[in-house]
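Protein chains in written order, with my numbering: chain A, 1 to 99; chain B, 1 to 211.
Please note that a few of the clues may not be correct.
Computed far set for chain B versus chain A, every beta-carbon distance over 12 Å [said to hold, decoys possible]:
(1) Met22
(2) Val24
(3) Leu115
(4) Trp118
(5) Pro124
(6) His156
Below, in silico cross-link-like pairs of lysine to any residue (SDA-like), each with a Cα-Cα straight-line distance of 20 Å or less [as the list claims (entries may be wrong)]:
(7) Lys2(A) <-> Tyr45(B)
(8) Lys110(B) <-> Ala98(B)
(9) Lys110(B) <-> Tyr170(B)
(10) Lys2(A) <-> His51(A)
(11) Lys2(A) <-> Arg93(B)
(12) Lys2(A) <-> Gly87(B)
(13) Lys87(A) <-> Tyr42(B)
(14) Lys2(A) <-> Thr72(B)
(15) Lys110(B) <-> Leu155(B)
(16) Lys2(A) <-> Ala98(B)
(17) Lys2(A) <-> Leu14(A)
(18) Lys2(A) <-> Ala68(B)
(19) Lys87(A) <-> Gly43(B)
(20) Lys2(A) <-> Gln91(B)
(21) Lys87(A) <-> Trp47(B)
(22) Lys110(B) <-> Phe147(B)
(23) Lys110(B) <-> Trp47(B)
(24) Lys2(A) <-> Ser88(B)
(25) Lys2(A) <-> Arg89(B)
(26) Lys110(B) <-> Gln54(A)
(27) Lys2(A) <-> Asp59(B)
(28) Lys110(B) <-> Ala179(B)
(29) Lys2(A) <-> Val47(A)
(30) Lys110(B) <-> Ala162(B)
(31) Lys2(A) <-> Ala162(B)
(32) Lys87(A) <-> Tyr45(B)
(33) Lys2(A) <-> Val90(B)
(34) Lys110(B) <-> Asp59(B)
(35) Lys87(A) <-> Arg93(B)
(36) Lys110(B) <-> Gln91(B)
(37) Lys2(A) <-> Thr64(B)
(38) Lys110(B) <-> Ile36(B)
(39) Lys110(B) <-> Thr64(B)
(40) Lys87(A) <-> Gly77(A)
To be clear, the hints were calculated from the coordinates, so they are not data collected in a lab.
We treat Cβ as the ideally placed atom computed from N, Cα and C, and that holds for glycine.
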Amino acid sequence: MKPLILVWLGLMLLLAATTTTSLIPLGAANAVLNIVIALAKAAFVAVFFMHLRQSIPLLRLIAVVGLFTLSLLFIIGGADIITRNVKPAAWQHLVHDRP
Amino acid sequence: MNTDNTACSPQAQIDARARIGMWVFLGSEIMFFGPIFFSYMYGRYEWPQAFEAASRSTDLACGTFNTAVLLTSSLAVAAALLYAENGSRVQARRALNAAVLLGLLFLLVKSYEYLQDWHEHLVPGPSFQMDGAIDLAAAQLFYFIYFFSTLLHALHLIIGIALVLYCHRYLAHEPGHGAVRRLEITGLYWHFVDMIWIFLFPALYLAGRAS
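Generate coordinates for the entire structure from the input sequences, incorporating the hints supplied.
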C-alpha cells in the first residue's frame, strides 16, 4: 500500500507543478513543461498502477507499438501540415476575382 | 499481478491472455484518442493566439480539481486490486466504492462546467460567442475539440464506473481468483482513461495561461 501512496503523492506534486508553472510566463517553456510533466505523470500511472514494471515483455511491446503507431500519425501528418503550401483551388480564384 | 514463476499453470495462462487482450484494446484506444490530440495540435499550430485565448476561458479551478479527483480514483482502484490480491475483500470493496464516488464527482464537476459553458455561449453553434476573441472561428474550433474530447472521455469514464460496479458485485458474490483477474483488467482500463485526462488537462486548461 505504501508504494501506491508514494506514487499518488508524486502525481499530486506533478499536478501542482504543472498548474503553477503554467501561470508563470516562461514563453515556449510553458508548453514544453506541460508536455514533459504530462508524460511523467502518464509514465507513473503506466509503470506503477498498470504494473508495466513487473509485466512480461510482450505487454510492454504492445504498449510501445501503440505509441509508435501514434507517433507515425503525428510525424507524417505533422510534416504534411508544416511543409505544405496551401494554394486556393481554381473555383476559389474565380470567387476572388469577381468584381 | 504478473508472476513469471507460475507461468505454466492454466490460471496464469488465462491471466496472461486477459492482460494481453486488454492491452491490445488499449492500443487501439490510443489510436482512437490520438487523432483528437492531433487535430488540437494542428489548431494550436495554425491559430496559436486564438487557441490560447480560448483555452484561457476554460475553468482552471475545476480542471485542476478534476485532475486531482481522477488521479486519486486511480489510487483507489490500484489499492482495491492490492487488497483483493491479499484476500482483504472488505477493504477492496471499500476502495472500489471510493473509486466510483470519485468518478461520479468528476462527472458532476464536469457537468457544472458544461452548464457554465452553455451560459457563456461557448457551445459551438449559431449562438457561439466569446468576449474579446481575435478569431471567433478558431475559438469555436477549440471549443469543438474541447467538447468532443471531454464528452468522449466522460463516456469512457461512465463505462469505467459500470465496470468497477460489476467487479464490486463479482467480488461480493464469487470471491476468488476470477474476481481478482476481472478487477485487474478493469483497473487497466480505468488507469488508461485517467491517462487520457492527464494529456487533455494541459491541452485544454493550461495552454496560454501565462500569456
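Structure-based check of each hint:
The non-interface label for Met22(B) is inconsistent with chain A: the shortest C-beta to C-beta separation is roughly 9 Å, within 12 Å. Against chain A, the non-interface label of Val24(B) is violated: not every CB pair exceeds 12 Å, the least being about 6 Å. Remark: the non-interface label on Leu115(B) is consistent with the geometry, its nearest Cβ contact in chain A lying 23 Å away (cut-off 12 Å). No Cβ of chain A approaches the Cβ of Trp118(B) within 12 Å, the least distance being about 25 Å, so the stated non-interface status holds.
Against the 12 Å criterion, Pro124(B) stays outside the reach of chain A, whose nearest CB is about 22 Å from its own CB. With 12 Å as the threshold on Cβ separation, the claim that His156(B) sits away from chain A holds: the shortest Cβ distance comes to roughly 15 Å. Of the supplied pair hints, the one linking Lys2(A) and Tyr45(B) is violated, its CA atoms being roughly 42 Å apart against a limit of 20 Å. The hinted pair formed by Lys110(B) and Ala98(B) meets the criterion: a straight-line CA distance of about 18 Å does not exceed 20 Å.
A hinted pair counts as satisfied when its Cα atoms are at most 20 Å apart, and Lys110(B) with Tyr170(B) does not qualify at roughly 29 Å. Proximity of Lys2(A) to His51(A) is assessed by CA-CA distance (about 15 Å); at most 20 Å being required, the pair is judged to hold. Straight-line distance between C-alpha atoms of Lys2(A) and Arg93(B) comes to about 19 Å, which keeps the hinted pair within the 20 Å bound. Simply put, Lys2(A) and Gly87(B) have alpha-carbon atoms about 17 Å apart, close enough for the 20 Å limit, and the pair holds.
With a CA separation close to 18 Å, the supplied pair Lys87(A) and Tyr42(B) stays within the 20 Å bound. For the suggested pair Lys2(A) and Thr72(B), the alpha carbons sit about 14 Å apart, so the restraint of at most 20 Å is met. Taking the CA atoms of Lys110(B) and Leu155(B), the gap is about 12 Å. The hint holds against a cut of 20 Å. For the suggested pair Lys2(A) and Ala98(B), the alpha carbons sit about 18 Å apart, so the restraint of at most 20 Å is met.
Distance restraint check for Lys2(A) and Leu14(A): the Cα-Cα separation of roughly 18 Å lies within the 20 Å cut-off, and the hinted pair is therefore satisfied. Restraint check for Lys2(A) and Ala68(B): satisfied, since their Cα atoms lie roughly 19 Å apart, inside the 20 Å limit. Taking the CA atoms of Lys87(A) and Gly43(B), the gap is about 19 Å. The hint holds against a cut of 20 Å. With a C-alpha separation of about 15 Å, the suggested pairing of Lys2(A) with Gln91(B) holds against the 20 Å cut-off.
Using a Cα cut-off of 20 Å, the hinted pair Lys87(A) and Trp47(B) holds, with the two alpha carbons roughly 18 Å apart. Taken as a hint, the Lys110(B) and Phe147(B) pair is honoured in the structure, with Cα atoms around 11 Å apart against an allowance of 20 Å. Among the hinted pairs, Lys110(B) with Trp47(B) is inconsistent with the structure: their alpha-carbon atoms are about 26 Å apart, more than 20 Å. In summary, the hint linking Lys2(A) to Ser88(B) is supported, as the alpha carbons are separated by about 16 Å, within the 20 Å threshold.
About 19 Å separates the Cα atoms of Lys2(A) and Arg89(B), which keeps this hinted pair within 20 Å; it holds. Restraint check for Lys110(B) and Gln54(A): the C-alpha separation of about 35 Å exceeds 20 Å, so the hint is violated. Taken as a hint, the Lys2(A) and Asp59(B) pair is broken in the structure, with Cα atoms around 33 Å apart against an allowance of 20 Å. In summary, the hint linking Lys110(B) to Ala179(B) is not supported, as the alpha carbons are separated by about 31 Å, beyond the 20 Å threshold.
Only pairs whose Cα atoms come within 20 Å are accepted, and Lys2(A) paired with Val47(A) is accepted, the gap being roughly 16 Å. Proposed proximity of Lys110(B) and Ala162(B) is supported: the alpha carbons are some 18 Å apart, at most 20 Å. Under the criterion of a C-alpha separation no larger than 20 Å, the hint pairing Lys2(A) with Ala162(B) is inconsistent with the structure, at around 28 Å. Proposed proximity of Lys87(A) and Tyr45(B) is supported: the alpha carbons are some 18 Å apart, at most 20 Å.
This hinted pair checks out: Lys2(A) and Val90(B) have alpha carbons roughly 19 Å apart, not beyond 20 Å. In summary, the hint linking Lys110(B) to Asp59(B) is supported, as the alpha carbons are separated by about 10 Å, within the 20 Å threshold. The straight-line distance between the Cα atoms of Lys87(A) and Arg93(B) is roughly 60 Å, outside the 20 Å bound, and the hint therefore fails. For the proposed pair Lys110(B) and Gln91(B), the alpha carbon gap of about 29 Å is over 20 Å, so the pair is violated.
For the hint pairing Lys2(A) with Thr64(B), the CA-to-CA distance comes to about 25 Å; that exceeds 20 Å, so the pair is violated. Restraint check: the Cα-Cα separation between Lys110(B) and Ile36(B) comes to about 19 Å, which is no more than 20 Å; the hinted pair holds. This hinted pair checks out: Lys110(B) and Thr64(B) have alpha carbons roughly 11 Å apart, not beyond 20 Å. Using a Cα cut-off of 20 Å, the hinted pair Lys87(A) and Gly77(A) holds, with the two alpha carbons roughly 18 Å apart.
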